[in-house]
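Novice: Each chain is listed here by its residues.
There are 2 protein chains.
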Amino acid sequence: MSELNKESIKENFIEDFLNPKSIAVFGANNNLLGTMGSMQLRNIIAGGGFEENIFPVHPRLEKVQGFKAYKSVFDIPIIPDLAFLILPTRIVPEVMEQCGQKGIKRLIITSGGFRESGSNGLELSRKIDEVANKYNMRFIGPNCLGVFNGWFRYPEKNNAYFNTFWIYLPHKRGNISIVSQSGTIAAQTAWYTNDMGVKIGKSISVGNERNIDIVDLLEYFKDDPQTGVIGLYIEEIKRGKEFRKLVKEITPKKPIVAIYAGGTEAAARSIMSHTGSISGDDKIYDAVFKETGIISTNSISDFLYYLRTLSQAQSYNVYPKGKRVGIITDSGGPGAMMTKTAELYGLEVPEFSKSLQEEIAKELPTTASATNPIDVTFHENFLNMLIKFPKMLVKSKEVDNIIAFGIYDFDEIMEVIKSSGGEIDERMKELENLIEPVVIKPIKKLMKKYSIPVFYAGPVPYRTSLMEKFSSSDIPVFSLWDQPTKCLAMLINYSEFRNEHNKAL
Amino acid sequence: MSELNKESIKENFIEDFLNPKSIAVFGANNNLLGTMGSMQLRNIIAGGGFEENIFPVHPRLEKVQGFKAYKSVFDIPIIPDLAFLILPTRIVPEVMEQCGQKGIKRLIITSGGFRESGSNGLELSRKIDEVANKYNMRFIGPNCLGVFNGWFRYPEKNNAYFNTFWIYLPHKRGNISIVSQSGTIAAQTAWYTNDMGVKIGKSISVGNERNIDIVDLLEYFKDDPQTGVIGLYIEEIKRGKEFRKLVKEITPKKPIVAIYAGGTEAAARSIMSHTGSISGDDKIYDAVFKETGIISTNSISDFLYYLRTLSQAQSYNVYPKGKRVGIITDSGGPGAMMTKTAELYGLEVPEFSKSLQEEIAKELPTTASATNPIDVTFHENFLNMLIKFPKMLVKSKEVDNIIAFGIYDFDEIMEVIKSSGGEIDERMKELENLIEPVVIKPIKKLMKKYSIPVFYAGPVPYRTSLMEKFSSSDIPVFSLWDQPTKCLAMLINYSEFRNEHNKAL
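The listed protein sequences derive, respectively, from chains A and B. For the first sequence, the numbering used here begins at 407 and goes up steadily by one. For the second sequence, the numbering used here begins at 407 and goes up steadily by one.
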């Protein structure tokens, strides 16, 4: 496997699509609701990295969204690095031809209606191939949403992003990169990725893959220092041999999570009409995923949770060394349910040694339990659950992983108390300010030092204050209690795979 | 099975716990953060149905949370219908004795530290049994959170509720009733039930079940006209024979969803320390659930989603007649994923007849697809997806169930457009007002008339405006696209079970 190399990545042609300095946009106007291209241009502008170098092309308008519009690509005063096309299908080849004459080498073609729409579409597909060959152009699409790059021209323009998707909410920058044959999975997941703290730095909607495919992007992400984890949504793999070879090189270093949406009869029909791909048997894909170390799922929530878990493991290099889980809970029900699912997923929830139990019991009320799970019951001393017990367990060497359940919403509680005429305990008011220095910083250190993941969870939604605090600090935190054991099982399996393969290399 | 009967339900002693007219509270003070009992009293007050008939008992305080406090139960001027105890374990028997002398017949005992805490706890348990027998008292608990009743003294006090839980957010009233051996599952699910529109009318945390158990509550819910669906969280069933007999009578009329948290080694240890129950083999429970028609899951999200799905089916009496699903989507990826999971769950996604395809195609752009799934691609005419296509499919008789994916957040979109200096199309502004008369009302009618469930879904969170509109109108709506096919499969299986058993009766 080649070393991560900033120079080599700069030479990869995909870089031109993610970090252009100028862009020509075809098919946008001023109707920000009715036309998708206008929404997309709006987001290109909002990203803030192009400054004046956005060149809308429009046959009639003088200005588009505040930018001078050009009647044709030939009128643009420079040769733009990238052309973005969202035009009626039939005129795409002609506009591409003009772009070629102008000297533009990179295009994103959002327009649909090519291969996925029968014989006429196929002919148009062949036409755009011809034009691309003639002018030595490369293009993403057609039938795609394009790209999101949270690292746009980083570090010089630190807060800029490049976003050609139509929804308004950008992902939050992180080490996850997505390649998707569905625009929705690349883009419209942003409400959830923002809530959950799934930090996606780059996301590419590849559409029909007429010119650039998953393999091209995997080659880029393999060496990209900004990519630590890769998510794939697949309806078809066009270059199977290359895919398998490449993925085998990637997965021991950078985990890959994949959704394969084909494999059943009606799903194949659905995919045919979506991207025009011919999907294959589920079993073949399962075998390829297993052989190459890809983690796969049919669930979009699992996909996002797995990516987040691996992203955090990857950024701190915290990979668990075994299957033993220590569970701390303020509530017997979620404790019992997590214990059961942990065991169903093949993990171990070992009873603690007598000495460890005694040490824990000192800090607990008599109604509480010091076995594994530790059930603290209703706790006045919140910090025990958040830091003291996790610390004890980490240092005990009796577990390889920790789950602590009991994250609540202080803000809401204090508001309700105030509105009920009650008094707020001063210690409680300070507690929220203590979270960063007393819980988050030391737990990060402990995780890294001992390579023991600590997962937090609670019954409140991600938008509540304490959840947000953990989540924005990249501490694994889970709303509800289904996902912690599931994600842990996934992470432990990947850790084992990773160890074996990195030893062998 | 006995008929639903308002008179007979009034005679069930559980009614005394859910609709008391007066309550004595032991163990609450004015510290709304540090003591659980104080939080619980706060919620009893907030429910609004008791007026002045709340009687805190406290050895020192003159007033507790604005109510006159009494030194002992004997000082209370009336005989309260219910006593609520959250006191140190060792003094519980003595206070119970005093309640007995006073003439109080119903108690909720929140205090823990009984059976689940070894031999001393067992002795205390036997003591409270003795006192209860002596005075012919019944009690819920110990080691529980008590009750939530959204139908508290309904209809006379229409907006009142009775809530002895400690979290501040009450459930929203509906036809779902919960019996739980975990307080968290009874109470702390409220953030999610509120977001998702899971409408829980009654929720009972039964704790150790020393006096009143799941079977008692099932007997009550069986005939309760306010209960349409039942959710159970089980660590142990004490009266197995009675449970099985009763449940068999209930499930053909009122569906039951259950979580069984025992069945693995560490889970059994966890449960022993939680409620003191001895849990049994997973296989035994699975067999009982299957035999009795209980729908079971190990996931809290599935539990809430299943309850919501059944609650809506039950209130409109919309039970699907078959396994055929029609899928409408504005996005190929979620369409393909739902098609695949539908097939994996045993449903059918049949290709539409030529004539239906032609009828649909008239309303679609050329890049869209009229097979099943219908992929409308990016749609300017939102109402096609929300009502026109569902209507066509319902009337076609080619499907038994419908999923429509493409719910977005108008408010956010319009805000962003405004902040970008764009203009809002007037039709779009009106669209939100059209949802109720043009989508929600007619779709409810269609569902009922044809007995075809229509599930909506989208990539946005439940807190967004359109989601809320559907959810508050009790239209099945799903955030993300994992749950629609899962819930549909569950509903179809239950419908089949229901038909078979109701035929046989």
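Treat the hints loosely; a few may be bogus.
Chain copies aren't distinguished; within one or between two, either way the pair holds.
[Unchecked claim] Capping the alpha-carbon separation at 27 Å, the derived lysine-lysine pairs in DSSO-like fashion look like this:
{"no.": "1", "residue 1": "K847", "residue 2": "K647"}
{"no.": "2", "residue 1": "K824", "residue 2": "K578"}
{"no.": "3", "residue 1": "K474", "residue 2": "K824"}
By construction, these hints were calculated from the structure, which means they are not laboratory data.
Novice: With reference to the structure, classify each hint as holding or not holding.
Specialist: Results for each hint:
For the homomeric pair K847 and K647, neither the shortest alpha-carbon distance inside one copy (45 Å) nor that between copies (53 Å) is at most 27 Å. Only between protomers do K824 and K578 lie at most 27 Å apart by alpha-carbon distance; the minimum there is 23 Å, versus 34 Å within a single protomer. For the homomeric pair K474 and K824, the shortest alpha-carbon distance between copies (21 Å) is at most 27 Å, but the shortest distance inside one copy (55 Å) is not.
Consistency with the previously given hints fails for number 1 only.
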